[in-house]
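Please construct the entire structure, taking both the sequences and the accompanying hints into account.
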Amino acid sequence: MAVAPAHSEPARCRRNVKKMPGPSLSLEVKQEGNATVVFLSGDIDASSLNDFQSAVEPLCNVEGAQVVLECAALNYVNSAGLGLLFALSRACKTNGGQLLMCGVRSKVKNVIHVLGLDNLLELRDERSRPESD
Amino acid sequence: MTTWKEADSVRFRIPGESRFLFLVRTVVTALARAAQLAEDEVDKIEIAVDEACTNVLDHAYRKTHPKPPIDLEIRVSDSQFIVDVIDRGSPFDFKAYVPPRFPDHWMEGQTRGVGLYLIKQCMDEISYDALPDKANRLRLIKNLSSRKRPVEAGAPLGAR
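Protein sequence lines correspond, in order, to chains B and H. FYI, the numbering used here numbers position 35 of the first sequence as 35, with every residue one higher than the one before it. FYI, the numbering used here numbers position 29 of the second sequence as 29, with every residue one higher than the one before it.
You may find that some hints are simply not true.
Stated by the list, open to error - Incomplete in silico selection of chain H near chain B, CB under 7 Å:
1) Ser9
2) Val10
3) Ile14
4) Ser18
5) Arg19
6) Thr29
7) Ala30
8) Asp50
9) Thr54
10) Phe102
11) Pro103
12) Asp104
13) Trp106
14) Arg112
Since the hints were derived computationally from the structure, they do not count as laboratory data. Glycine included, every Cβ here is placed at the ideal spot set by N, Cα and C.
In structure tokens:
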């Protein structure tokens with residue numbers, strides 16, 4: 001799957017990772033101003049983790065990457081998924097950028113807290129709109 | 001309608017593939033809700049069971065191809081909600097387990113290795129036993145003191 005590179009023209013890319021009947025992981029990538037917004041829906045577990053990584057990691061390995069994960073529809077993230085999210089956040093920082101997680105559900109926030117990641121991940125209640133919108 | 005009563009148990013088997021984890025989470029959360037557990041406790045049980053099954057696939061079955069199935073048995077007593085996760089893979093030295101230290105674990109660049117820690121945080125009791133037939137059983141227990149209200153006999157599955 002091709003994903004929209006950071007700082008490109010507005011683009012959309014949708015990916016569905018269908019593993020079993022019922023909720024699966026869906027990713028939609030949109031460019032909003034200088035931010036790459038990834039709309040996540042469904043579950044990040046052992047079956048969808050690699051697809052999530054292959055879709056989002058390239059976005060973080062761009063100089064000055066501003067990556068926003070819209071997580072309001074993200075129902076579940078396992079521990080390996082949260083570990084990966086921290087690694088992606090570090091990659092963004094290394095490249096002079098930032099990875100934000102917006103609208104994270106309390107269920108996922110609780111796990112973030114238990115794993116000591118609440119001060120290491122950038123969480124926001126809502127996604128701020130780019131000025132160019 | 002399927003009902004959930006004390007002393008009932010539900011047993012099921014999934015193939016040793018991660019694409020069936022969603023099914024495990026769906027069944028376990030439905031049964032925990034039927035046992036009248038509070039929603040945040042249902043979430044914890046979902047996480048613990050998913051992590052337990054993921055550990056089986058990633059570790060106990062790491063060198064086994066094709067991976068054997070995973071058996072789950074869920075039951076409720078008058079005081080506990082119990083989930084057994086049974087595998088047929090390499091045994092785990094449960095007593096030698098050293099929990100990770102945060103934030104050092106993450107700052108050292110590790111992204112995995114916290115599943116058992118998370119399971120312990122989510123459940124009230126856990127135990128690990130080797131069974132006679134070369135199987136391993138991880139038992140996860142949630143005390144029912146965190147119930148929203150006493151179980152009503154014949155409460156429908158998924159009732160909140």
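Status of each hint after checking the structure:
A distance limit of 7 Å between C-beta atoms decides the matter here; for Ser9(H) the minimum to chain B is near 24 Å, and the interface restraint is violated. The restraint placing Val10(H) at the interface with chain B is violated, with a minimum CB-CB distance near 18 Å, outside the 7 Å limit. Against a cut-off of 7 Å between C-beta atoms, the interface hint on Ile14(H) is violated, since the closest Cβ of chain B lies about 10 Å away. Because the smallest distance between the Cβ of Ser18(H) and any Cβ of chain B comes to about 4 Å, under 7 Å, the interface hint for this residue holds.
Because the beta carbon of Arg19(H) sits about 4 Å from the nearest beta carbon in chain B, less than 7 Å, this interface hint is met. Interface restraint check: Thr29(H) against chain B, minimum CB-CB distance 10 Å, threshold 7 Å, status violated. Interface restraint check for Ala30(H): the shortest CB-CB distance to chain B comes to about 12 Å, outside 7 Å, so the restraint is violated. Taking 7 Å as the C-beta cut-off, the interface hint given for Asp50(H) holds, the closest approach to chain B being about 6 Å.
The interface hint given for Thr54(H) is met, as the beta carbon of that residue sits about 5 Å from the closest beta carbon of chain B, less than 7 Å. For Phe102(H), the interface hint holds, the least distance from its beta-carbon to any beta-carbon of chain B being 3 Å, beneath 7 Å. At about 5 Å, the closest approach between the beta carbon of Pro103(H) and any beta carbon in chain B falls short of 7 Å, and the interface hint on this residue holds. A hinted interface residue such as Asp104(H) counts as satisfied when its beta carbon comes closer than 7 Å to some beta carbon of chain B; here the least separation is about 9 Å, so the hint is violated.
Below 7 Å, beta-carbon pairs count as interface contacts, and Trp106(H) has one with chain B at about 5 Å; its hint therefore holds. Residue-level restraint check for Arg112(H) holds (minimum Cβ-Cβ distance to chain B is 5 Å; threshold 7 Å).
Hints 1, 2, 3, 6, 7, 12 from the earlier list are contradicted by this structure; the remaining hints agree with it.
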